[in-house]
Structures are given as structure tokens and as C-alpha cells.
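Chemist: The primary structure of each chain is shown beneath.
2 protein chains.
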Amino acid sequence: MGEQGRARRGGRRRRQDADTAPAAPRWGRVRRTLAPTVMFDADEVEAIHDTSMRILEELGIELMSERACDVLAATGATVDRDSLTVRMDRGLVADLVAKAPDTFALTPRNPERRVHLGGTDMVATLVAGPPAVHDAVNGRRTSNMADYENFIRLAHSFDAIHMIGNQVAAPMELPAETRHLDCYRANLTLSDRAYHCTAIGRDRALDGIAMMALARGLDGAEAMIGDPGVTTIISVNSPRRFDGEMAEGLMTMAEYGQGIAVTPFTLMGAMTPVTLPAALAQQNAEALFGIALAQAVRPGTPCLYGAFTSNVDMKSGAPAFGTPENARANIASGQLARRYALPYRATPSNASNAADAQAVWETEMSLWGCMLGGANMLYHAAGWLEGGLCASYEKLVLDVEMLQHLYAFCEPTPVTAETLGFDAIARVPTGGHFFGDAHTMERYTDAFYTPMLSDWRNHETWAADGALTATQRATAIWQKTLAEYDQPPMDPAAAEAVDAYVARRKGEITG
Amino acid sequence: MGEQGRARRGGRRRRQDADTAPAAPRWGRVRRTLAPTVMFDADEVEAIHDTSMRILEELGIELMSERACDVLAATGATVDRDSLTVRMDRGLVADLVAKAPDTFALTPRNPERRVHLGGTDMVATLVAGPPAVHDAVNGRRTSNMADYENFIRLAHSFDAIHMIGNQVAAPMELPAETRHLDCYRANLTLSDRAYHCTAIGRDRALDGIAMMALARGLDGAEAMIGDPGVTTIISVNSPRRFDGEMAEGLMTMAEYGQGIAVTPFTLMGAMTPVTLPAALAQQNAEALFGIALAQAVRPGTPCLYGAFTSNVDMKSGAPAFGTPENARANIASGQLARRYALPYRATPSNASNAADAQAVWETEMSLWGCMLGGANMLYHAAGWLEGGLCASYEKLVLDVEMLQHLYAFCEPTPVTAETLGFDAIARVPTGGHFFGDAHTMERYTDAFYTPMLSDWRNHETWAADGALTATQRATAIWQKTLAEYDQPPMDPAAAEAVDAYVARRKGEITG
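For the protein sequence lines, the chains are A and B, in the order given.
When you line the first sequence up against the numbering used here, it's residues 1 to 511, in that order.
When you line the second sequence up against the numbering used here, it's residues 1 to 511, in that order.
Source of the hints: derived by calculation from the structure; they are not laboratory data.
From the three backbone atoms N, C-alpha and C, an ideal C-beta is built for every residue, glycine too.
Keep in mind that the hints are not guaranteed to be accurate.
Quick list of in silico lysine to aspartate or glutamate cross-link-like pairs, EDC-like style, CA-CA up to 16 Å [said to hold, decoys possible]: (1) B:Lys315 to A:Glu255; (2) A:Lys315 to B:Glu442; (3) A:Lys315 to B:Asp446; (4) B:Lys506 to B:Asp182; (5) B:Lys506 to B:Glu177; (6) A:Lys506 to A:Asp203; (7) A:Lys506 to A:Glu177; (8) A:Lys506 to A:Asp182; (9) B:Lys315 to A:Glu442; (10) B:Lys99 to B:Glu255; (11) B:Lys506 to B:Asp203; (12) A:Lys99 to A:Glu255.
So the derived label-pair ranges between C-beta atoms look like this [as the list claims (entries may be wrong)]: (13) A:Thr510 to B:Pro412: 49 to 59 Å; (14) A:Thr510 to B:Val38: 52 to 62 Å; (15) B:Asn144 to A:Arg140: 40 to 50 Å; (16) A:Thr142 to B:Ala146: 44 to 54 Å; (17) A:Ala483 to B:Val38: 44 to 54 Å.
Could you build all of it, start to finish, from the sequences and the hints given here?
Modeler: What follows is the structure, given as C-alpha cells:
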């Protein structure tokens, strides 16, 4: 019949949906045990490196900020003032990039939530930036502050989500020029996790830094230099252009020694050539350029090598995520990040319009690519749907389950006389079972990963209980998680200081 | 807003569901480019090996066939005739296992469908054995011959499925003692793929061999010795017991030099200890024992090292598949198979009751484990649901899409001056795009994997077209595929010979 005949598929197990979520804290710090996967040999990595150096030396980067051009000119870069094109020779690039640390930590207001970026550490963040949100109860809608706050509560409740991204869902009903302040305040009061700042321009970045400093009880943003608490994503207007506001944001973060992930968002066929080596060469040039600028502002600024290379559908131009090519790019980019001894940021993603099977296989393709590539930061790791245009409550729950599966996979498998279990094997007769053996009884409670959302009941029991799909079961989990959410306590003086800062800045901005 | 802002998510792309399925033949032969993943260091592999050798030397295997015991006794194994327990020392095991080839091919009636098992080759088979079937139109039902035939037609239509498993879905309405004949005939007439024989007893195996020989126009089963056309799965009644009928089937296959995958189906916590090293040691002992028996019957018999180690839910005893532990086992088992220079069979699987998100994340976990472990045969790779108790039409389509994603991922990424594309990068201005560049135009048609089932249209277009999930879209694909199915031509004399064989054997059996 099948190979499963002898195992029990009984109905006597506990329910596996809302009753058990969320799991007890277990995933506070995740480290990979497998060595990163090698896709390119050393010569191939050097060929990509060489091409990226030619891009920086011969073609240059358009840097749309006079102030940033001045900073790089002072290091010896060649600046064409008419076109704002900066060219750097490979020696200069290497010298600057070498000043970046190979690992760093971000300390939020709760030091127990410190995250480590580098080495074998793997940190996951909430999705960032979608203009829409969706859940199965209320449908799809423009994102708003109530949803924003709910997502922060969910991120805070799931141990598998280590950081908050930049504006999980944009609160579109709030004024564009001050909504970052409302977001930072929600991050700080509804959670105690580290977060990403908006780095479009100097002020938004500075506000994010200053507010984290206040929440930590520090005396001003300068006090976080050397002990960063926030980071940001610097996007590149690929190919080969850094917008002025992004450059300002980058320089501001660097001035205060906060984390910077320079991430060219490059869809092959659109922002880069269709071939992966070319895309990687261009990505590499752009990422290293931004990191070099950060080091020119403040040597030692913590930076992440950011990679987000996927492809478009060549028949329509539509972006595609979690593709085979994206998975390969995630692995190969890790080889490049390690060549420069930089922590590595990558992204599990998908282009599905629903929290369905496609959303999962695309997410798994990119997620495995991230993990095998040795990514230290999995950005957008929880809640991303529709190619990043929608934050999904159900997808967030699915993502937490997928992350936890991968974290459990990454745990070590010690080989010892005890785990080799010869005596246990000797004790159980041929054709017997190990359920009641002492070796089993001593270990069974935590021998295996216990899923949050997977349902392993037999078909009859599952069907009698409503025949709910995983996506349907996810609804009950986020609902229960929100219902049981505990706001983390905050020092009243720090909370007051944060509130006062927001009030003052709103006054200044709307003046 | 998000990083996707600049890419086009237009509605002008072609529809991506039924109109384009199935893809043109592309996946006839799949080879991995990545080196297999190393999970255990050499000492750890040796510790597992050593424990498995102690199991064979000190504990032994219960071999419930006097004839098989005789075969092994003749090689020097120690046989306790009362308990039918066979003990073998490690030197004998090594000598016998070393006679198995490190790679072999199976030739079906269409030589273009030959499959290669070993090295970097990766071969996927249809699910095998479920007693139930499900599709979204007709619901869940006991499996039957009409469904059996449909699944063979689907396997034949999708290039990503290379082989037919053993009784994709059991035709439960047919007499149990002759249904294998109907299944073999369907395999041979509705498809030209190689298939797995039922190896429960001598006759079922022999029928499968003889019928493939007839379909190939050969003069009897003996003519396939040295050029195998079929294979089988030998399950083990773990722990440490080979049932008599399975031993007979194994010996029959070996007599005729056909392929044998010896696969202990071991759920940690039930059929093995809860610890992975112990499970691997036991699996290793059992698999090598079966392979040694095959070599004792006929040296050089093509064998696969079969691994199917997952775990149970320790709270209920329910089997679990696609778990983190299963993924690790799939990788580690590859290290063991390579230690003995044996082709490696593993299984992507899941325990979900629906072709939903859970089915996909569990399948992806196990599938990545298989691929990273260097599995040569992915058994049950298309259509498996409910822990193998149900064959699903929609899941088959999802699986083909997941397999194709992985196959595309496995393709090489050549690094050359042309793929590094410096000139193309130089041609496109900063902030521009590569859509119309010559480098793109020369390559765009096959630059990226074109999915069969993924829908990359924007949300508005997708919603206006019915807002179908991937699982819902899969229904249209299997329906269209069946509607367009072309039965492969067969030599009339061979077809007649197969029919006559079935008639004669049915007469003999039901006598």
C-alpha cells in the first residue's frame, strides 16, 4: 500500500492551530551550522569582482548629492562635477570597504533583544514598505496606522522575527512628512525590537536614531555612536545611480555610526543585463560604492552587503521573486559578501497575489537561497506578498512557520555515543517500536521541532474539524496572537521623552 | 514605497494558467551543478558507519526467508536458524556492497526516455501506492483504475516526471492478486517511461520484468540482464526485519539484474530512536544489508541506497514529513550513500491533508534536503498528499512546478566575458533600463525559467480574472493536460505480446 502503513495517524493528538500559538521563546538567536554553499569557484568570483571594479573605475556611479561627491573627492575619487559621476579605482574601494566591520550588533531598548549581524548569525525582519495590507477577515485595503500597529504587535509576539523593517506597512492616512515619527514611536512602544530607519533624506534618518537613543535612556543620538541601535536600507536607483536623498540618509546614518545595508534592487532584464554574472557585477559595484561612501564619512560604520537580485518576466516586464535565478543570486551574493568580509543582507520574497501555494514555493526558493548563501539578515522575512506591494496577516503567520522550520533545520546534530543510540537499538526487538524505550522517553519532549501551523492529524479528523487549509488556520493564529499580545513595559521617562520628541518634531515639520 | 516601485506590474502579460501548460520538453535529463552539502564531518560519518556495522555484527537482521538466509550463509554470514537472524561482519558487508555499480541506467521501451541513476543525475518519479485519490472537481475517493490511468497519462505528459513509481494509486476495485498486471500494462501502453515493479513476492516482480522485456521487443526477461528496464523499492520492516515476501521480491529482481532501491522507512521515535545519528545508523545497517543480499544473489546488481527517515509527532505518534529533521536526514543520507559509492534514493514528502501552503512548505523542506544531499532518485516526487495516503491531481501539478523550479536552479551559471556583460552595462545610462539593449534582446527568450503555474500579474488583473489561488489554477492545468494527452505509439506486436502475457497470467493466477 504505502510506506506509511505502520505509523499511527490517529485523531488523539491535540489540536494544532490556535490553541498552541505562539510558541515559547526559542528563536532569540539563530546560527547556521552548515557552511555556506559555494556556487562559483574562486576564479569566477574574481571575474565578477574584476568586472565590478571596471564599472567603478571606467563607468562610475552617478551620485546626485554635491555633499556626498565632496566626501568621496576628499578620499581621492575622481568626480565629474557636471554629471555628478564618481569614479574610484579598485585600490581606493578596497581600502574604504576594509574599514567596515565584519560583524556588529544592534542594541534596542531591551538589551535582551540585541541582534548580531555577521558570522553565522541569521536575523529575520518584518516586511517593510507595502502600501496595502490584507487579511482574510477584512480583505485588501490601503495600509493604515491601525494595521501598522498590529503588525508591530505581531512581530513582537513571534520570537522568530528579530527586527522591525522600515515601515512595515505605510500608514497612508497620516501626513507623508511626519508619518515616520508615528512609525518610530509605534516601533518603540509596542515592541522592544531594533528597527530600520527611513533614510530618505537626513531628517527621517536622524529622527529614527534620536528616538532609539531616547528609548534607551541615552543622552542624545551621539551616545549611540559605537553602540548602534538602528539600521537602514539604502536603495540604489540601478543602474549606477544614487539619488540625493538616499545619499543624505546614508551619510547621516554613517555620521552616527548606525547600521547601513546598501542594497541595489536589481531585477535582471530591467535594471541589469539578463545574465546573472553581469547582474552580480553591477550589484557588487553599487553595493561597494555605497559602503565606501559610508566609510568615507565615518570609518568603521557598520554596513551590510545588500543583495536583492531577482528577474522580470521577459514577456511582460513584471517583476518575479523567489525564482530559480533569484535563489542562485542569493547564494552567489553571499560569496561576494564574504570576499569583502561584510555581513550579508538578502531577502525571501514572492510575487503571489494570495497567501497560497505559490507564495510558499517562491518564498521557500528564495529563503533556502538566503540560508545557503549565509545571509545574516533576512529582510522582508515576514508578511511580504504581491512582490512587496501588500503586507499580509496570514502570510506573516506562514512565514513565521517557514522561518521556524529553517531555524530548526539549522540546529546542530551532535554525533555522540548517546545520540548514536546503539544500546537503544539493541533493546528493541526486530519489527518492534521505540515509543516506550528509555532512550526515547528521556528525549521525546524536544527531540523534534513542534510546528505552530502544520496539521498532522489524519484526514478524517482534519475533515471533521472543518477541513481548514493552512492559510485558513493562519487566521486564527494571528487573531489569537493579537488578542494575547502583551505590550512590553517601558521606562516612563523614556516613553515621555519619545512622546515629547515626536510632538516637537511634528511642530517643526508642519510648522 | 517599497523596492518594487520601479518595476512594471502591468496587466498586459499573457495569461499564465491553462493556456501555457504543459511546458515544452526541457527536463529530460537533470544534473545538479552544486556539490552535495556536507552536514557531518568525516569522523561523524565514520561513527555512524561504525554503529551500523555493530548492528549488523552484534545484533543482526531478522530475514524471514529461508532461501535468503541460505544465500547469505553461503557468503559467510552467520545465520541463527531458529530466529532467522543474520549477522555479517563488516568486511563481508564491504565486500558485497562494493560489487554494486556506482551508477546505472534504466531503459524503457522508448530509449529516449532512458534514466540515469548516479553521479549528479536527478530523476523524479510519480507518487506510489496511495489507497485514495483526490481532485478538486470530484473530491476524495478510493483509488481506482480510471484514476490510475489518468495519473500515468499526466506523468507521461510532464517532462519533469522521469519515471513511474510502484502503483501510483492502487486500483482498489480490481482483484488484489492480479491488479499489478493491469498496472504494468497501463504503465507500458499509456506511457513510455521506466517504472517500478511491485516486489511483494517473486511473481509480481517477475511479471513486471517480463512485461517490460516484451514491450522492449526482447526475447524474455533474461534478455534484460545487464540492461535493466525496471526497478523496485524494497521496504524494510524496521527495526531490523526483512519480511519474507520482500526478500523474495528482492532476490527475484537481483536474479534478473534489475534495479533495487533498498529503503528502510524509518520514522524517528517509532521505528528508530529519536536521535538522528541513531536513525541513520539503523537505516544504514538495514539498507546495506539488503544491498548485500542483492549482491550475493547476483554480483553487480544495480542498487540504490534508499533513505526515508522522518519523524513522528511525539505527542500523538502521527507521522510527520518534510520536517526540519527529515530535511537533515535527506542531506546526511547522501553522505552515507556516497561513502559506499551507491546511487541515492530519497523522497520529497508532506503530511498535509490538502494541496495547500503546508503541503508546499513541507515538500520544499524535504525536496531541498534531497537535492542538497545529492539524491539521484526523488521517489514519490509528484502527487503525494496526506503522508502518502492520497494521490492528488492538484498536488501533482504543484509538484511539477516545484520540481521545475529546482531543476532550473540546478542549471549551470557560466561566467564568461559575455555573461559578465560589461559592454551592456556601459551602454545603458545611469537610472536607465536594459529592456531594449542588444545584450538583452539576444538572450531574453530563455534567460529565465518560465513557470507553468506561478501567476505574476498585478493584483488588479489577477483579481479581475477570478482571484484564483495556485491550487485552484492547478485544476485547469491537469484538466487541459489530460484533454491534450497523446498516447505514445507502441509497436503492435509488442502491445499484443503484453496483452497476451496479462491474459495468460490472469488465467494462471485466478486459475
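Chemist: Hint by hint, say whether it matches the structure.
Modeler: Cross-check of the supplied hints:
1. B:Lys315 to A:Glu255: Cα-Cα ~54 Å, so violated.
2. A:Lys315 to B:Glu442: 14 Å, holds
3. A:Lys315 to B:Asp446: 11 Å, holds
4. B:Lys506 to B:Asp182: 10 Å, holds
5. B:Lys506 to B:Glu177: 9 Å, holds
6. A:Lys506 to A:Asp203: 12 Å, holds
7. A:Lys506 to A:Glu177: With a Cα-Cα distance of about 9 Å, the restraint between Lys506 of chain A and Glu177 of chain A holds, given a limit of 16 Å.
8. A:Lys506 to A:Asp182: 10 Å, holds
9. B:Lys315 to A:Glu442: Given that 16 Å is the threshold and the Cα spacing comes to 14 Å, the pair holds.
10. B:Lys99 to B:Glu255: Since the Cα atoms of Lys99 of chain B and Glu255 of chain B sit roughly 15 Å apart, the hinted pair holds (cutoff 16 Å).
11. B:Lys506 to B:Asp203: 12 Å, holds
12. A:Lys99 to A:Glu255: 15 Å, holds
13. A:Thr510 to B:Pro412: 49 to 59 Å: Once the Cβ atoms are compared, 57 Å apart, the range 49 to 59 Å for Pro412 of chain B and Thr510 of chain A holds.
14. A:Thr510 to B:Val38: 52 to 62 Å: Hint holds: Cβ distance 59 Å, inside 52 to 62 Å.
15. B:Asn144 to A:Arg140: 40 to 50 Å: Given about 42 Å between the Cβ atoms, the range holds.
16. A:Thr142 to B:Ala146: 44 to 54 Å: Given range 44 to 54 Å: holds, Cβ gap about 49 Å.
17. A:Ala483 to B:Val38: 44 to 54 Å: Because 45 Å falls inside the window, the suggested range holds.
Hint compliance for this structure: hint 1 is the single one not met.
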